[in-house]
Amino acid sequence: EAEVAQSPRYKITEKSQAVAFWCDPISGHATLYWYRQILGQGPELLVQFQDESVVDDSQLPKDRFSAERLKGVDSTLKIQPAELGDSAMYLCASSRGQGNTEAFFGQGTRLTVV
Amino acid sequence: GQSLEQPSEVTAVEGAIVQINCTYQTSGFYGLSWYQQHDGGAPTFLSYNALDGLEETGRFSSFLSRSDSYGYLLLQELQMKDSASYFCAVRGSNYQLIWGAGTKLIIKP
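The listed protein sequences correspond, in order, to chains A and B.
Going by my numbering, the letters in the first sequence line up with residues 1130 to 1243, in that order.
Going by my numbering, the letters in the second sequence line up with residues 220 to 328, in that order.
By construction, these hints were calculated from the structure, which means they are not laboratory data.
Here the structure is a predicted model, which means the values were calculated and not measured.
Glycine is no exception: its CB is placed at the ideal position from the N, C-alpha and C atoms.
Careful: at least some of the hints might be erroneous.
[As the list claims (entries may be wrong)] Some chain A residues judged to face chain B by a derived CB distance under 8 Å, without partners named:
hint, residue
1, G1171
2, P1172
3, Q1177
4, S1182
5, V1183
6, V1184
7, D1185
8, Q1209
9, L1213
10, S1216
11, G1228
12, T1230
13, F1234
14, G1237
[Stated by the list, open to error] Straight line, CA to CA, 30 Å or less: simulated DSS-like cross-link-like pairs of lysine-lysine:
hint, chain 1, residue 1, chain 2, residue 2
15, B, K327, B, K300
16, A, K1191, A, K1144
17, A, K1191, A, K1207
18, A, K1140, B, K323
19, A, K1144, A, K1207
20, A, K1140, B, K300
Generate coordinates for the entire structure from the input sequences, incorporating the hints supplied.
Here you go:
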């Protein structure tokens, strides 16, 4: 069964350091989402790609966060510099297209900033 | 602004029926989705309603009333493995998914 792959599963980093997360969506899925989820809350959309283009990054803190999906397949989310408040689960999801109803999620990267 | 409201916690007994409500206020509406998330796990898709009415998938059903900006998830014959958080999410303008804060379902034997 096809899955969304994310790495690493866990990451501990010091404040002010750079950190990067990687996501490989299900093959053929044109839409890719990066979410941040704080414990006890719902996922918050950070950025949405349609193929290699950014569709929505209105909630992405662009002074420290960046995301790319250069060939419209896998994607990288970067934080530089990391802050204590960035500690959260970072989830990647994909769907066949923007209008598709079901999004498939990866297992996420749990980030702890110390 | 855009918002989804759902109860923070619901408790039910194994074998019973439970309903989790969701009201929404969003700009643009294409449909209402429900996702299940176990502790430490990723959200998994349960159902999607684009039109008014009830959709049934096994023990789970989902309902939508667009005129009332309201929907619910109905879980029947509750099992201990159904203990999880349940999220409603609206697919709004730009096709983005706007999520509620989640409802923690606690099932007692």
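_Violations among the numbered hints_ = 4, 5, 8, 9, 10
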